[in-house]
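*Asks:* If you follow the hints, you should be able to join the two separate chains into one complex; please do so.
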Amino acid sequence: MTDHPQALSAADFAPASARPDAHGITRPSQSYWQDAWRRLRHNKRAIASLWIVIFLLAFTLIGPLLWRVDPYAQNLDRISQPPTLAAQTLLVERGVQWEGVTLPQWPHAPSREWLTDPQRIELPAPEAMEVVGDPHTLSVRLRWSPVANAAGYQVYRNTYRPTAVNELGLPLGETWAGNDVGYEDQLALTPNTYWYSVTATDGLRESEQFASIAVDVQLATTIESALARGLIPSRDAAQAGDYVAMPANPFGTDYLGRDMLARLMHGARTSLFIGIAAPLLFVLFGTVYGAFAGFAGGRTDDFMMRIADFVIALPFLLFMILIRVASGIGPGESGIMPLLMALVVLSWPATARLVRGQILQIREEGYVQAARLLGARDHYLILRHMVPNTLGVILVTLTFAIPTAIFTEAFLSFIGMGVAPPVPSWGSMSNEGLKSMLNSPHELFFPALFISITVLAFNMLGDGLRDALDARMRSRE
Amino acid sequence: MTGNLTLETLETHDGLRARGDPALPAVRLVLPLLVATLTLALLAPAADGRLREAVDAESRTLTLVLEQDPPQLDSTRSTDTVSIRVLGHVKEGLTRYDERNQLIGGVAERWEVREDGATFWLRRDARWSDGAPVTAHDFVYAWRRVQDPATTSEYAFIMYGIENAEAVNTGALPPSELGVRAAGDHILEVGFERPIPFFARLAAFAVFLPVREDFAATRGDRYGSSAADMLYNGPFVISRWSRGARLTLDRNPHYWESDAIWLNRIDFGYITADTRAELNLFRDGKVAMANLDSETMHNALQQRWRIHRFDDGVLFYVGFNHRPDRLTRNRNLRRAFDLTFDPHEFVNRIIATPGNRPGISLFPAWMQGAEGRLREEVPPRPSEVDLERARHYLELAREELGLERFPPIVLLTGDSPTANKQAEYLQSMWGQTLGLEIRVDVQIFRQRLAKMTAGDYDLVLAGWGPDYNDPLTFGDLFASWNLNNRGRYANDELDHWVRRAQNELDPHLRAQAFGEIQRIVAEDVVVIPTYERARLYVMHPRLKGVVRRQISPDPDFNRAWIE
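Order-wise, the sequence lines are chains A and B.
Position 418, counted from 1, in the first sequence is what the working numbering calls 917; the numbers after and before it change by one each time, with no gaps.
Position 347, counted from 1, in the second sequence is what the working numbering calls 348; the numbers after and before it change by one each time, with no gaps.
Isolated chain B, as found in the complex (with noise of 0.2 Å):
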């Protein structure tokens, strides 16, 4: 389950964590392919008669860059971004999410969400691209088929609290039994096993997608391996995809809101995940979109290109290793790191991107509450910094611990540049604050994740990126049954405000429980939080309409227009 830990960069696409299948088949399977796509992209232009521009107003097409090519888009087994947002595109669930990041239905019409259970009622509109009905049994399938052993699907986690769901997945019951059952083809009724208050956001989360059963049936492994292997019911369809080199969308005429999109074509022309090509592209007039890293955002300001930025949602941290062993484990010596460390400083002086926001809570800014956001409704404690109280912690630490002086403690950290800049600050400035000698261990993120389960650190610089637009999706993090809590935190208190907001229907004291957990977090310092990323990107001047958000699918295309 790497889930959605990120790598503590600007630079490194998300997209990257989880790479798909064994390499040697697909080479042998793609080189043929590429040739073949190579020939044809030499040719096409010659067909059309002219060049591919990265907006086309005429023909209502767009040509953007992906960052990698998906692994494959079979929506239960998806975790990457990439693969993500493509989906987001050619597949619609039963809610999504509307240009301003409210909740709004999908397949679904409405929905009711009770203690023991939801019921969705699906629109009788929705259709897949081979004009068949969408209706509550292909839910049905794919949430069996996210559970099925067989599947292996790594976000399976995340509908656990359906009724039966672990039990299914773990074998002990089969996949018919899993809480889910279509009452005629258009009412949906899902069982809990524990309230899930939050759930019609999360069926917004890319595994709860619908897939048909008798097309998936028919191709078996293949399914969502290429184009033609998959069935859309999207505003969007796969036309053309050829592995590494290319990924075309056209508008799906059986989406049930056809009429509200404007686009006919998405095209990913180009697969690269170097920034500085994709600037280039962007440059030349190839592609409409470009994400900038700290040195391209030179390049985009000399050019004079207007320069956007969005909250991507990650939010990073300072982690400790809580096992019994670890020094890091004694509060005081944690309390004495938190009370040196400034935020604002580390934003503003060694980040030095734009955009990003100092990191003062668990729950990151733009993190939706009962009403408002939830920062407003359980403001988190202002980060303070007092180097006498510091002072004052880390003796009380030494006395406890029982040392005469501190051994040199680990920082483990990735070996981007920023994480390096950052790391080397880290280690300074403790070295000069605190008298501590930090070894700074830089490690690749596989390396760097395989260290962290191993547990072989004291201090971790991590970061974690949000699966649902809810603040649970933070908030579990260090509940002691989370895999993800890499640090083995383990407090009981902790764990039950985390039940409380798990399983609390009314939103008021969810957001208190929530602002239980934040207290918790901060006071017993179980990681220090570092800022909440921002990304920059530029866009092409007549392209509207695109909507970044922290949920995937981002960026969003769906609504998108050329003026």
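Excised from the complex, chain A in its bound form (with noise of 0.2 Å):
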């Protein structure tokens, strides 16, 4: 319209002829869950929680089907690696232990005038040392010169060349001859090059002199733990010398050497059966509590929303080992069950207040009124009028429970409440990388990631799903 007065015709003032369209409908009529859609989907954030939330249940349920590792199959060759490709590994021999190095002719003990001397010089480092046969990470054996009246001798190791006394690294061992000149060296070694020392000792006080030598490791599998692991296929396939492929192990291993993919795949359906399973029970029993305390209202109400109140007081973790116990779960089982019992016996009332806070104002709607008058039975009211109303508030309920779930498993599986050994969860995972995070830092990283990710994909899922859901959202856009 516009402001300017206009000349105007008798035209004008001719009745209109009938547009029947006038009020017709232009755009498609949407439903409730439609319109709550079409705005979930202009939440990006929601979506990509969403493909998180897809990912991750692929991850469960599709991932074992994929990555075919047994996630309890340990691979001590590969202890606490980091994610690594494949990489070829050194068939050998199940070695028998060494015996080391004895001299027959040479002294065990330094003579007693040395010892007595008080003015004895400090003893010199050995003058040679040596490699003996292939070093490989099953072992390393070295061997020395002796030194004149030394007692025995320390061997350290370490993994830069060793300048002072104080670089020397890790004491491996020690032998208690001066005769004895050999030590095989088998802890924990990695494909790597590693500088060992030797210092002698006359019983009393070690040398500050130490000879050194670097050593090139590879790495290396028995063939018996080739066989046992798959890796070739019979024992008469490969011998001693050959190379085969160790597979690779894209996160990593744990500190037995179990690989960590497959770990994280198995520890998530722990973890996403008690995020999910627990959820599902409280939130469908709390509906149906509070739906029902609102829906009667009086003093049924008030008897049901004390109750409601007194569960809530109820401190958690201490019913949850009180569960545990009653539940006589025995050493070395999973606690998983009293875990699940707990989260549904304790955690129902949060959403039974919400459910009878919404069906009590509902109830004083003027459809509801309405319906009453034309005669609506109760049963009908609830599944045609409440239900449906409160089902926006439910699944956002559902959603903001699944991630506190998660974690709640994680964090008793972490204390040692849940799972037990060998099988995996989030939480458990995390404790064991806890203890050698310094190290193997990709230990913790995972599964901590891992729980981060869940509980943060469910908790913006959860939002964007409030604000789809919530009528009065609407007025915001």
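Quick caveat, the hints were computed from the structure, so don't treat them as lab data.
Even for Gly, the Cβ is constructed at its ideal location relative to N, Cα and C.
Heads up, a few of these hints could be off.
Chain A is nowhere near these chain B residues, computed Cβ spacing over 12 Å in every case [to be verified]: (1) GLU167; (2) SER243; (3) ALA353; (4) ASN492.
Stretch by stretch, here's where chain A covers chain B in the computed footprint (C-beta under 8 Å, at least three residues) [said to hold, decoys possible]: (5) 112–122; (6) 419–430; (7) 434–443.
*Replies:* Put into structure tokens, the structure is as follows:
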């Protein structure tokens, strides 16, 4: 319309012809759910979260079908490996323990004169050091030249060249005789360059002089364990000295050499089972309980809600332990069922309160009054009006309950009340990873990452759902 | 008799195993003291004009950490390693160990051990910290006190073998009937009920330390509870003992060999069992020594400190429950377990901290035999891994037990991270190799001990530390009468050899008896030895002459000096 006055003609005053489509609906009719979905789709964070949730479900359910690695299989040749691709490993025979090197002619203890000499000087370092045989991750064998008046030797290992006595590194072991000049190192070797050092001791004082040698260690596996792990088809298919491919560990391995990816997949089962089963159960129970209380009203409502208040006041951890004890869980058995029970028994009142509030509100709405006046029965009212109108709230509660439950499971497994070893769960994996956080951070990082991502995704999805389902939010668009 | 049963962890200090008195009265007492000490501690640097240093060559002072406050220092009642360590610096027994861990005379100048008894000739210059001479009567009084049922000494059993000791301890005879008497002031005569060939070494143990009767009588129950309520005859005296905060040892001028002691003061200035805190104190130059665990080890590596190791003497093993209603009573089943266990793999891949030795025998590698090391005199059978034979024995066991398949087997273990890791490895390993379902039962130390005593387990991860420097401290562990034989293993042949080892005087025949015990334990798979523990520690580079040993007192600073 325009403000400017215009000259009017008679035609302007002729009656308009009827337009049958004047009040027609131009856009397709949208139900509550369609509308909610439309708004959810516009929420980028929520959609991203939804994809993450779908991915997590796929990771858990389909993942183990694609990544067919036994999550319980220990590979002691690769303990606490950071994420690695497939590597070639040398096959070796199962080694007999090396007896070391004992020189028959050399005295095994210092001479008495030397020991009693108060002016005695420090023992020198061994003059030469060498590696015996092939150094690999199963064994590095060292020998060195003897030192006169030594009563034994200390063997050290480090990952860089020691320049002073304080840089010798880990004290691996010692020999107890001056003519014992060999040492076999098998301690947690990884494919790497190591610096071995040897000092002599007269039994009282260890010398500050040391001899060092650099050793390149290559990855090796015994034929037996290669066979047990299916790296070679049969005992005759390979022989010592051959190389075979060791499978990749994209997420690394844990403290017993188990594949982290496989364990994360299996751990997700526990986490997601609790995360989904527990909220489903307690939200369902809370809904029925709250709906009944709200609908019945009066003293029944009062009484039922006081019970809910009572349950809310119960301390979760204490009851979790009580239920665990009461259900007769023996040592070493999984605590997942009591955990589920505790979650259901103690978590429903929040939902019940919420649903009751909604029902109380809806009960007084005009359309419900109208339906009642028209003679609608209770069950009609519940099914036609109450449930559909509370469904949004219930759904939002459910989505928010899932991350809480996952987090609770992780927490309880973290403190050792959840799964029993060797069954993994993200919580128990984090707990184990924490112990070696400084050396192999990946053991803590991945399970913690998965917990964080899952909790975040479910929270953001819940956020989006709440925005989408809340009728009042429409005005904000 | 919690004795020396030890936790299977690198982190936990043995000293924690026996804490003393009820807490509440102590708290009331300690709190004002604590406030007072804190105030003093704050004022002290100002008064001295300088801060405490870890090592101070000028004043010859050493500052150290103590893992816990000694519950009390009455040597007749001490059981924990911390108390025994402190006692080892402030008191001296008949014998002691030197820097090379050789037995030498302490208060006793020389001695003679016979089949029916022993005689100790005491040095005349040994003095108490009040200047009075140390006499044979002080030993007689102390030992009677140990056996007196009223003292309730947990280590009373260690003297059994002395004439009438057991009868006195059970109350059947009065303490005056104990077979020990003073022949004059400087000769101590001990009568034996049965031969104790290693008695001179045993006499170095803490409960054999002297106590002076006239002094102890004036103190009554308070004896050993504070610095003033004790009398000392060792290289040091306790000059200050602030409960829970600080324990200071000063050089004892009355000590007979006081000239050989370089240090003027050993100051246990901090009392904490937290290895992380200990390492921080070390880093800040406040203490001269810090023990490392599997985690702080890496910090020490990063700091480029020199790391030392020593065998701390404790042997760890998988124990079986031999009670009649248990599956693990079946020898073939135990054999199957044994034949699948590889101690080398266990030590190098699972425990994976340096220095530990694979467990291949009941007797640790450092144990002394007749002349050299026991291990060389009676070599143990090397451990073997043989899956096929293991499965064969498992099948035999299944048939003997009349089982369709094996029920779950419970593996009892401690609650430390290392113990968990070990248990989980064994669980998976035996699951894979033998197809057995192992359930891991994680318990705190006391609860684990209670369950072991009650027999509520199949397998247990346990450890044993030596009380005295003789193979018998391990050798009699599975004798049918030993209360620490918590698996209730009973074997007449083993008992026979234990008695032989107890009674035999000839060192070579004794070594052979230990060889037989070693053989039976291995063949009958009484336990599966897993590893011999080593400890790692860092020490101030100028601190010298500190002795680490398997038998308390460890560490020994008596003859230490600062360069």
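*Asks:* If a hint holds in the structure, say so; if it does not, say that too.
*Replies:* Consistency of the hints with the structure:
1. GLU167: Given that every Cβ of chain A is farther than 12 Å from that of GLU167 (chain B), nearest at about 37 Å, it holds.
2. SER243: holds, 34 Å
3. ALA353: At about 4 Å from chain A, ALA353 (chain B) fails to clear the 12 Å cut-off, so the statement is violated.
4. ASN492: holds, 28 Å
5. 112–122: violated (count 0)
6. 419–430: Coverage by chain A holds here, the residue count being 8 at a Cβ distance below 8 Å.
7. 434–443: Three-residue rule met by the segment 434–443 of chain B, so holds; n is 5.
Hints 3, 5 from the earlier list are contradicted by this structure; the remaining hints agree with it.
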